[in-house]
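These protein sequence lines map, in sequence, to chains A and B.
Going by our numbering, the first sequence opens with residue 1, and the numbers climb by one from there.
Going by our numbering, the second sequence opens with residue 1001, and the numbers climb by one from there.
No wet-lab data here; the hints were simulated from the structure.
Any given hint might turn out to be false.
[Claimed, not checked] Over 10 Å on every C-beta distance to chain A, these chain B residues come out as not near it, computed from the model: (1) 1032; (2) 1033; (3) 1036; (4) 1038; (5) 1097; (6) 1140; (7) 1242; (8) 1279; (9) 1305.
[Claimed, not checked] From the structure, some residues in chain A lie toward chain B, with a derived Cβ separation under 10 Å: (10) 55; (11) 112; (12) 131; (13) 136; (14) 138; (15) 145; (16) 148; (17) 180; (18) 185; (19) 188; (20) 248; (21) 251; (22) 309; (23) 318.
As the structure is a computational prediction, the values presented were derived from the model and not from experiment.
For glycine and all other residues, C-beta sits at the position ideal for the given N, C-alpha and C.
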Amino acid sequence: MTDTPAPRHIPDRLDKPLSSAIFSWEALLVVIAVLIFAVNSFASPYFLDPWSLSDLTFNFTEKGLIALAMALLIISGEIDLSVAAIVALASTMMGMAVQAGAGTPVLVVIGIAVGLGCGAFNGLLVTRLGLPSIVVTIGTMSLFRGIAFIILGDQAYKGYPASFAFFGQGYVWWVFSFELALFLLAALIYWFVLHRTSFGRKVFAVGNNPVACQFSGVRVGRIKFILFCLTGLMSGIAAVLITSRLGSTRPSIAQGYELEAITMVVLGGVSILGGAGSILGVVLAAFIMGLVTFGLGLLNVPGIVMSIFIGLLLIIVIALPIVWRRLREGRFA
Amino acid sequence: MKNFLKYREIWLLAGIVLLIGLISTRFPSFADPANLRQVFNDTSILMILALGQMVVILTRSIDLSMASNLCFTGMVVAMLNAAHPAIPIPALIVIALLVGLALGAINGFLVWRLNIPSIVVTLGTLTIYRGATFVVSGGAWVNADQMSPDFINFQRAAFLGLPALSWIALLVIALFFLVMTRTALGRSIHAVGVNPTASVYAGIDVGRTKFIVFCISGMIGGLAGYLWISRYVIASVEVANGYELNIIAACVIGGISIAGGIGSVGGAVLGALFLGIISNALPVINISPFWQMAISGSAIILAVVLNARGERRQGRIILRKAEAA
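Just chain A, same shape as in the assembly (with noise of 0.2 Å):
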């Protein structure tokens, strides 16, 4: 982001050989995830079970819908901190609908609406001014979280309508929650946008030269603030989401997601500086992010130490293909 770029190319399925989707960094990806499964499942006899496998996946799904939007909004060369502090915001919102009677509909319509809103306030702020994303974002995040703790204070909303409960806790079919169902079809939707239409395509040129689109005909600014529109979109359902999953609100929700959604998108292979990047990958890495925090925790081992983990794997992931170049050109450091 705020390193120097160094040029690259709009990656076209066509020129590529087989070999390189062999060795492509989804395949690294798939890799990890199965040594993680396998590892797993040998460490706790706990962990094969249908119930805790499904149980797995609300490790993730939240901060996987926000991650699959911030994917979009990295490779257009953005980002967007603020996305936790939505969440809170959102919920916050809801919250107050409960004490005044709304219904299950109703809630939900707010949630959404309130995500898309703030995600609007970012994007004209970005686009309208021409400010740096991360900057405006920080700001925005402390001020959407700041109107969360001005309304609740040290209070918790509760009280949420019993049908309220389905999305977060619901099933659609035998062990698949409905969290997981929305996520794997919010992913292929996402699929389909970023690399099977034209808008998807205009994200990776935005991304690698956001000046040439310009010149090219490209609306950039209108680009980057659908995409900023979308982060808070996401943010919104995942709002429902978490909200309904608790049962409560407290203006500390969701504290952290941004950065664990940012890693997710990063170590799904999406390029920081902007440009490149798969959905497929980030669908993975929130897969593997919570395969190691749900294996972690069979074994006991507490939250904090899990992050070891998970900085560890962001890092050494995106080192070894760098490292593994070097190696083989005989010339590392």
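Since chain A is already given, all that's left is putting chain B on it; use the hints.
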């Protein structure tokens, strides 16, 4: 006079004076020298941290791991002090600087040698360093009664009417001012941020400069670790959680461009002071501290909007619309 007004620091200073004036209308004794000294002392740690972050941001990088570094180093020195109260405080400060330096060097090495973007590296080490704090401490806290009186009282000792903490902050400010304005290193840090390619041609080792700034921010994180723990007299895994963004916010309010190359020591100090005054004033004028985040968030956005106007690239404009994109 016109040139004088071009400096962002002057505007920031005017803003701070205005802020103090506004607060004084509600609570007159806020502007007392004694209280302002107190506010300066309360903000000292943030000022020190903002300076460390400033040199990193100047080179177009970012250090998200500073608060975790602070937490880890603070825990290490607090545990050392609890286990061996005989170790003198200056030795502990040196240890804090070295531990911080080591953590910063890890960041710097990954950025320099492996060319991983700094935001990714420090996002990773942010969680690693905080997790490492848990591993070192086993999740236990170090409480005030386990710390030696020297450990706690060192930075409170008054000298010429100011506590040692304020003096340390002033010393760090002076050091950074000297390095940034009077040394080749300061010049290279600016140059790398303004134009990395030109810097290479000018004979500046861009990678090494980035390594050095991460070492500096690491040492600053370590120093702040000791100061923070001895000030708030509790060391836990939760110390300064999320504080990395306050540090960056202070830099942004101080007019340091996240795109690199623009910023000054005075700006970073005043930016931190601005945030410090807000957090000190809210309880005094009977506004709930819950407002603090929203107010500092608005201040950041306002500061960015104002900064952006001065930062527009002064280059050849072929198509105005493209420049705006």
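Checked hints:
1. Remark: the non-interface label on residue 1032 of chain B is consistent with the geometry, its nearest Cβ contact in chain A lying 29 Å away (cut-off 10 Å).
2. Listed as outside the interface, residue 1033 of chain B is consistent with that label: its C-beta sits roughly 30 Å from the nearest C-beta of chain A, beyond the 10 Å cut-off.
3. No Cβ of chain A approaches the Cβ of residue 1036 of chain B within 10 Å, the least distance being about 25 Å, so the stated non-interface status holds.
4. No Cβ of chain A comes within 10 Å of the Cβ of residue 1038 of chain B; the nearest lies about 24 Å off, and the non-interface call holds.
5. The Cβ of residue 1097 of chain B lies farther than 10 Å from every Cβ of chain A, with a closest approach of about 24 Å, so its non-interface assignment holds.
6. With a closest Cβ-Cβ approach of about 12 Å to chain A, residue 1140 of chain B is found to remain outside the 10 Å limit, as its non-interface label requires.
7. The Cβ of residue 1242 of chain B sits about 7 Å from the closest Cβ of chain A, inside the 10 Å cut-off, so the non-interface label is violated.
8. At roughly 12 Å, the least C-beta separation between residue 1279 of chain B and chain A is larger than 10 Å, which holds for a residue marked as non-interface.
9. Once the 10 Å rule is applied to beta carbons, residue 1305 of chain B is inconsistent with being away from chain A; the minimum gap is 6 Å.
10. At a threshold of 10 Å, the smallest CB-CB gap from residue 55 of chain A to chain B is about 23 Å, leaving the interface hint violated.
11. Interface restraint check: residue 112 of chain A against chain B, minimum CB-CB distance 23 Å, threshold 10 Å, status violated.
12. Restraint check, residue 131 of chain A versus chain B: the minimum CB separation of about 5 Å is within 10 Å; hint holds.
13. For residue 136 of chain A, the suggested interface contact is upheld, since its CB lies about 6 Å from the closest CB of chain B, less than 10 Å.
14. Below 10 Å, beta-carbon pairs count as interface contacts, and residue 138 of chain A has one with chain B at about 6 Å; its hint therefore holds.
15. Here the hint on residue 145 of chain A is kept, as its CB sits about 6 Å from the closest CB of chain B, short of 10 Å.
16. Given the 10 Å rule on beta carbons, the hint for residue 148 of chain A holds: about 9 Å separates it from the nearest Cβ of chain B.
17. Among the interface hints, the one on residue 180 of chain A is violated; its C-beta lies about 25 Å from the nearest C-beta in chain B, farther than the 10 Å criterion.
18. For residue 185 of chain A, the suggested interface contact is broken, since its CB lies about 28 Å from the closest CB of chain B, more than 10 Å.
19. The beta carbon of residue 188 of chain A is not positioned within 10 Å of any beta carbon in chain B (closest approach about 27 Å), and the interface hint is therefore violated.
20. Here the hint on residue 248 of chain A is broken, as its CB sits about 18 Å from the closest CB of chain B, past 10 Å.
21. Interface hint at residue 251 of chain A: satisfied, since its Cβ lies 8 Å from the closest Cβ of chain B, which is below the 10 Å cut-off.
22. Because the smallest distance between the Cβ of residue 309 of chain A and any Cβ of chain B comes to about 8 Å, under 10 Å, the interface hint for this residue holds.
23. The restraint placing residue 318 of chain A at the interface with chain B holds, with a minimum CB-CB distance near 5 Å, inside the 10 Å limit.
Of the numbered hints stated above, those contradicted by the structure are hints 7, 9, 10, 11, 17, 18, 19 and 20, listed in ascending order.
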